[in-house]
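Q: Could you put together the complete structure from these sequences and hints?
As a plain string of letters, each chain reads:
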Amino acid sequence: NAGVTQTPKFQVLKTGQSMTLQCAQDMNHNSMYWYRQDPGMGLRLIYYSASEGTTDKGEVPNGYNVSRLNKREFSLRLESAAPSQTSVYFCASGELRGNTIYFGEGSWLTVV
Amino acid sequence: GQQLNQSPQSMFIQEGEDVSMNCTSSSIFNTWLWYKQDPGEGPVLLIALYKAGELTSNGRLTAQFGITRKDSFLNISASIPSDVGIYFCAGPYSGTYKYIFGTGTRLKVLA
Numbered sequence: 001n002a003g004v005t006q007t008p009k010f011q012v013l014k015t016g017q018s019m020t021l022q023c024a025q026d027m028n029h030n031s032m033y034w035y036r037q038d039p040g041m042g043l044r045l046i047y048y049s050a051s052e053g054t055t056d057k058g059e060v061p062n063g064y065n066v067s068r069l070n071k072r073e074f075s076l077r078l079e080s081a082a083p084s085q086t087s088v089y090f091c092a093s094g095e096l097r098g099n100t101i102y103f104g105e106g107s108w109l110t111v112v
Numbered sequence: 001g002q003q004l005n006q007s008p009q010s011m012f013i014q015e016g017e018d019v020s021m022n023c024t025s026s027s028i029f030n031t032w033l034w035y036k037q038d039p040g041e042g043p044v045l046l047i048a049l050y051k052a053g054e055l056t057s058n059g060r061l062t063a064q065f066g067i068t069r070k071d072s073f074l075n076i077s078a079s080i081p082s083d084v085g086i087y088f089c090a091g092p093y094s095g096t097y098k099y100i101f102g103t104g105t106r107l108k109v110l111a
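Chains as they are written, first to last, in our numbering: chain A, 1 to 112; chain B, 1 to 111.
These aren't lab readings, by the way, just hints derived from the structure by calculation.
In this text, all values refer to a predicted model and were calculated from it rather than measured experimentally.
Backbone N, C-alpha and C define an ideal beta-carbon position, used for all residues, glycine too.
Below, a list of computed lysine-lysine pairs in the DSS-like style, where the Cα atoms sit at most 30 Å apart: (1) B:Lys98 - A:Lys71; (2) A:Lys14 - A:Lys57; (3) A:Lys57 - B:Lys70; (4) B:Lys36 - B:Lys51; (5) B:Lys98 - B:Lys51; (6) B:Lys70 - B:Lys98; (7) A:Lys9 - B:Lys36; (8) B:Lys36 - A:Lys57; (9) B:Lys36 - A:Lys71; (10) B:Lys70 - B:Lys51; (11) A:Lys57 - B:Lys51; (12) A:Lys9 - B:Lys98; (13) B:Lys108 - A:Lys9; (14) B:Lys70 - B:Lys108; (15) B:Lys108 - B:Lys36; (16) B:Lys98 - A:Lys57.
Computed footprint of chain B on chain A; a stretch qualifies when at least three of its residues, placed anywhere within it, have a C-beta under 8 Å from a C-beta of chain B: (17) 23 to 35; (18) 42 to 49; (19) 56 to 65; (20) 101 to 111.
A: So, in structure tokens, the structure goes:
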């Protein structure tokens, strides 16, 4: 019962470094999502992929890129990390007919 | 863009009390989802609502899809310490799979 799996769970980056957050789901969902959550705040949508082969911008896409590698995997890339990108990142996947989304456990990213 | 506003932002209640919170939108939603987030974890789906007026329960939790389709309500009866956490409402922009989340209601239960 893995559900949505994110890696890494914790990462510290220096300003200007790049990194990729990986996400995989084993529920055969079509849609996948990346959110960020800043301390004491709600979740803001960065990018989403309604289906394999498509990606769309969310509320806060600047500074990020995504790749829907296949139906299972959706990665988030920071090309040049900035301190403002320090946050907790959540991947989620969704069932089209059920209209619900399920979350991974989060990735804690600190940019110094 | 669209926002989901939740009220109250935070609340302290005594164990055993009932809790009510709500979520409002500036536009119509066709689906309302309620999540709970424990510290250090991802949000977990509690209840999903798909029709205006729908009332759905999950144990001590009851949620309602507002008649106007611009709001939703979550009630917790006889609260217990493990109800502590942040409760989020969420829904997709009309006709899309772009789910947005509310600002959250932080619940603290005093034993």
